[in-house]
Amino acid sequence: MSDEAFGDQMVAQMPYLRAFAISLCGSHSLADDLVQDTLVKAWSHADSFQPNTNLRAWLVTILRNTYFSSYRKRSREVQDSDNLLAQQIPVKGGQESALTLTDVQAALDKLAPEHKEILLLIGITELSYDEAAEICGVAIGTVKSRLNRARAKLAEHLGLLTPSDIDTDPTVSDLAARRPSRAV
Amino acid sequence: MSQRENPHDDDDPSRDAEPNLNNKAGGREEADACQDADGCQADGVALDPKVQAQLGRVFRAYCDDLIHQPIPDKFTVLLAKLEAKQREKK
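First to last, the sequence lines map onto chains A and B.
For the first sequence, the working numbering assigns the number 50 to the initial residue and increments by one for each residue that follows.
For the second sequence, the working numbering assigns the number 20 to the initial residue and increments by one for each residue that follows.
DEER-style ranges, computed between Cβ atoms:
1) A:ASP179 x B:PRO91: 30 to 40 angstroms
2) B:LYS69 x A:LYS122: 37 to 47 angstroms
3) A:GLU205 x B:ARG106: 48 to 58 angstroms
4) B:PRO89 x A:LYS90: 15 to 25 angstroms
5) A:GLY190 x B:GLU107: 41 to 51 angstroms
6) B:VAL96 x A:ALA95: 12 to 22 angstroms
7) A:VAL187 x B:PRO89: 30 to 40 angstroms
8) A:LYS159 x B:GLU107: 44 to 54 angstroms
9) B:VAL96 x A:ASN103: 23 to 33 angstroms
10) B:VAL96 x A:ARG121: 20 to 30 angstroms
11) B:LYS108 x A:GLU205: 44 to 54 angstroms
12) B:ASP92 x A:GLY190: 40 to 50 angstroms
13) B:LYS69 x A:HIS94: 43 to 53 angstroms
It is worth saying that the hints were derived from the structure and are not from the lab.
Backbone N, C-alpha and C fix where the C-beta goes; we use that ideal spot for every residue, glycine too.
One chain only, chain A, in its complex shape (with noise of 0.2 angstroms):
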């Protein structure tokens, strides 16, 4: 590949690389400060790069690997998620709608590290199961599970569960008579 079109692509993944930044440090400088680094590491290994594989994927295991070594530990001490997201929308629909993105951000730092991955890898970056797989160095089932849990775990930290998915409450009779009975 030419060195031009290896630029022109990174720039096509920088919305993706940057949103998965911001999200795992929870700090805009920080963010931009990790996708800098990302991107001069990325231009120095470009000959590693393997064409005709998934660009995405290549970088943002640069990126991973890059704030798990080095940033990780300083996100946890200039969070400044104030205005990080378009806060005052309130998100669409339902009984959800009092919650802001910033909840979303706040409920998802308060996930298993591991667990916060990979939502992130699946629904920002939008890897496949088996990029993911191979970006955390785990099996796709594994993949698979930490999905789930990380699902179970923000639903709760969100707020979204309803008392009968914690304990049994009559109140929620409607709902349990609208859905399918659930298998156990």
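Since chain A is already given, all that's left is putting chain B on it; use the hints.
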């Protein structure tokens, strides 16, 4: 010795091929990190479908907000510099 059977084959490739979570399809709510039904009960962490749908919408909105944030000019400048430097090396 009888052949081993594996009724719970977790490596069924058809399962892995499915939710690529490429949520480009807009209104499709199933394909999402917080929303595919695949294996949700596989390890005893079952989410109510309604909760899962809510979670999917909330999480998708969060991801979309981040992905659509404008990229600061400094990155375009940096990428151009890195590209020029690479060309010099050759």
